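Student: Since the structure of chain A is provided, determine the placement of chain B on it from the hints.
There are 2 protein chains.
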Amino acid sequence: MADCDGAGAQTPLQLYERLTAQGEQVRSLKTAKADKSEIECAVQLLLKLKVEYKQVTGQDYKAGCPPPENLAVPDNGPAAEGATDEDEVNPWSVTTTNAKGVDYDKLILRFGSSKIDKELVDRIEKVSGQKPHRFLRRGIFFSHRDMHQVLDAYEKHKRFYLYTGRGPSSEAMHVGHLIPFIFTKWLQDVFDIPLVIQLTDDEKYLWKDLSLEECHRFAVENAKDIIACGFDVNKTFIFSDLEYMGSSPQFYRNVVKIQKHVTFNQVKGIFGFTDSDCIGKISFPAIQAAPSFSNSFPHIFGERKDIQCLIPCAIDQDPYFRMTRDVAPRIGYPKPALLHSTFFPHSAKQIKNKINKHAFSGGKDTVEEHRQFGGNAEVDVSFMYLTFFLEDDEKLEKIRQDYTSGALLTGELKKILIETLQPMIATHQERRKQVTEELEDVVKALHWAHHQ
Amino acid sequence: MADCDGAGAQTPLQLYERLTAQGEQVRSLKTAKADKSEIECAVQLLLKLKVEYKQVTGQDYKAGCPPPENLAVPDNGPAAEGATDEDEVNPWSVTTTNAKGVDYDKLILRFGSSKIDKELVDRIEKVSGQKPHRFLRRGIFFSHRDMHQVLDAYEKHKRFYLYTGRGPSSEAMHVGHLIPFIFTKWLQDVFDIPLVIQLTDDEKYLWKDLSLEECHRFAVENAKDIIACGFDVNKTFIFSDLEYMGSSPQFYRNVVKIQKHVTFNQVKGIFGFTDSDCIGKISFPAIQAAPSFSNSFPHIFGERKDIQCLIPCAIDQDPYFRMTRDVAPRIGYPKPALLHSTFFPHSAKQIKNKINKHAFSGGKDTVEEHRQFGGNAEVDVSFMYLTFFLEDDEKLEKIRQDYTSGALLTGELKKILIETLQPMIATHQERRKQVTEELEDVVKALHWAHHQ
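Protein sequence lines, in the order shown, are assigned to chains A and B. With full-length UniProt numbering, letter number 308 in the first sequence gets 308, and the count goes up by one each step, no holes. With full-length UniProt numbering, letter number 86 in the second sequence gets 86, and the count goes up by one each step, no holes.
Just chain A, same shape as in the assembly:
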């Protein structure tokens, strides 16, 4: 078996030479129809070297193009903004040069948020009186802003509200898209608080080559899936921007207030907008910010502007809310608190096909090898899905151990996942059917009981 480690070269030129040699190696192995695992190992080393090359040179490796002689080696400090080895994380793009995926601890440092540590998870359990959701127990929600402050207030019987959202860019929502809503539902249930859900159909229109009508139709379709997650309809307000902006003067007033207090320089810095971007994109961040303030929803909160907002969202949405938190005190509103999740895998329409055919496997290529060397649960997409959807901690750990030891085969792992997901999906689709009738009311927000 080939040695899978060995990336130890130092200078850009040395790295370049090793990379070139390794590329040759992969090609000759393939030509020789070598053993699959041997080729895979050679490819992995090649990728590792490419990542290292980019880290050291700040450039992508290109065969035939050695690095310039007087190359400046970039600063690799953990909080160095813009350093080329950093993960790029913003609402439209998540890229990483790290073979293991996005480095979330680094992201906490860079974004200036706080880690959701055991102490916070324990405190949520104590305050809510409920076992923490598996997404908290398993570090899927890993970062926060001001969550302790929210809990302090809650302990003093000061309630807060939840805000989350979705950009409806396609008709079908997959199980991966529903993960943030599953967690939000749990928060709503355990804290018994109002929830607002923004469908940014205007954003999708501005960013995508779609008509307003298409974007709005996606919003309506997506709303059905979201409602089917089982939210308390008496405490949930789900709205499309294209509808609500034109239905609530108070919402528009907050949008204008925010727009007055954010410059183009700021959104350029935060979101990377350029002079060629349309003015709709440039001003959109204010529309995603506005639901963070309770008086954007007078039918729920009356004129109260002091009810704190807690936003559960994926970490890539944080730039919007860094901006929001910067603006909030300048317009007399409390800063929203945040709970950040890692990125979710997105599955396809047909769960079963997807899992069997396309999921990246941490398993070995033959049953014999798998039994001998075991699988790698850490990179196995099926196992990752189980961490999202299998509630039982002990069962999950047993699966992990069996897969790692080789006792559990990849096919068997996939079967467990399918068995876990299928009843969930069935329940969801049943709920989705029922939701249709009441949907129009919910989306158009015409019937909302006044909660304070």
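Hints are not guaranteed to be accurate.
To give a feel for the contact side, a few chain A residues facing chain B, derived at Cβ under 10 angstroms [stated by the list, open to error]:
#, residue
1, Cys41
2, Cys65
3, Tyr244
4, Lys257
5, Thr263
6, Gly280
7, Ile416
8, Gln434
9, Val435
Since the hints were derived computationally from the structure, they do not count as laboratory data. Predicted, not measured: the structure shown is a model, and the values here were computed from it. Think of the CB as a built atom: it goes at the ideal place given N, C-alpha and C, for glycine as much as any other residue.
Tutor: Then chain B, alone, in the frame of chain A:
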């Protein structure tokens, strides 16, 4: 009497030397307590030289600072964009280096609009069957875009609608502010068509150091004055952006459509925005553009998007509508047509005091001089107001002749103006009182008969 002409110097340095000498001359005349008209004449020549100096050098004259030797003389071609002797005309600033005021013919060339010539005025008379309004007869509305097209369609029984507006930056509207509305009312009456009036309270909030509440209150107060102009309330929809944006999903949809099709580069070029401007300003032009499209008002026009819009406005608002006309075909809407006015003088709250105390007079300083030399109607603010408000052409011409010949004294001219304005003001204020009750309905647009 001093010779009032004589600015014939050619090179920048010659001009500079004449200017310096003329400055000396003014100072010594003042020191010597010379005859007022002699001083005035010397000052006028000084101003004339300063304007010429700026035209030639592109710089303001500064005593003690001769022009640089190798000064490039700017191109003074009539349509040369950015030449330093050009009038600056945009929605926030109107400046001219020309002693006679803004050169409107040049503006037509620069903006690429068309002159309202006798042929067009005659045609409006023919199509409407009404004597043209004095603002048309007297060249106060002087420029247009596509007015012939509007009339062509009208002759084929295709109706259009009117759109005008106001930025409500203060509680009190003066008689000068009402001039565009007086003309718009005439257009509504003679063509018998719907009218929408936008009060851009959001714009004022974004540009001024005012609260949202103040801006909205100004909008409501201004609406009273506008309604008091006597519009047909069954065919007029007056709205505040802060109210209507949050009351009409269709209006917001058009705003977003426009925002998708205009880049920051474009608004930078048109309005001179910079990276330090807030994102609200940058995206605002779309909000002023949206009422140009009939489906922004479904309560008036249903879903029809093909009803042409005619916008009577002061020429400084043209940049908004150049942008709108650029966007329109790209989003499937007709381009709005325009009628441009010159700038209006703004009077103060108390007409009488204002006219007597502060109005710039074309009269001479003593009765004797005035009788001997006559007054200058062209620069007399009282006479200018009469051109706006005195309907009778013959009477106006008689006044002009008598004032120019010296038969009519400045005090007498002012008296005629006061007698012309006071009944108008009285009627207006009476109407304004009556309007208060129905105002809320009109402003909030809750009661609009469906017109097509």
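Student: Does each hint fit the structure? Answer for all of them.
Tutor: Now the hints, each set against the structure:
1. Cys41: 49 angstroms, violated
2. Cys65: Hint violated; A/Cys65 Cβ to chain B Cβ min 34 angstroms, cut 10 angstroms.
3. Tyr244: Holds - the Cβ of A/Tyr244 comes within 10 angstroms of chain B, reaching about 8 angstroms at its closest.
4. Lys257: Where the cut-off is 10 angstroms and the nearest Cβ of chain B is about 7 angstroms from A/Lys257, the hint holds.
5. Thr263: 5 angstroms, holds
6. Gly280: 3 angstroms, holds
7. Ile416: Because about 46 angstroms separates A/Ile416 from the closest Cβ in chain B, which is outside the 10 angstroms limit, the hint is violated.
8. Gln434: With a minimum Cβ separation of about 27 angstroms from chain B (threshold 10 angstroms), the hint on A/Gln434 is violated.
9. Val435: 22 angstroms, violated
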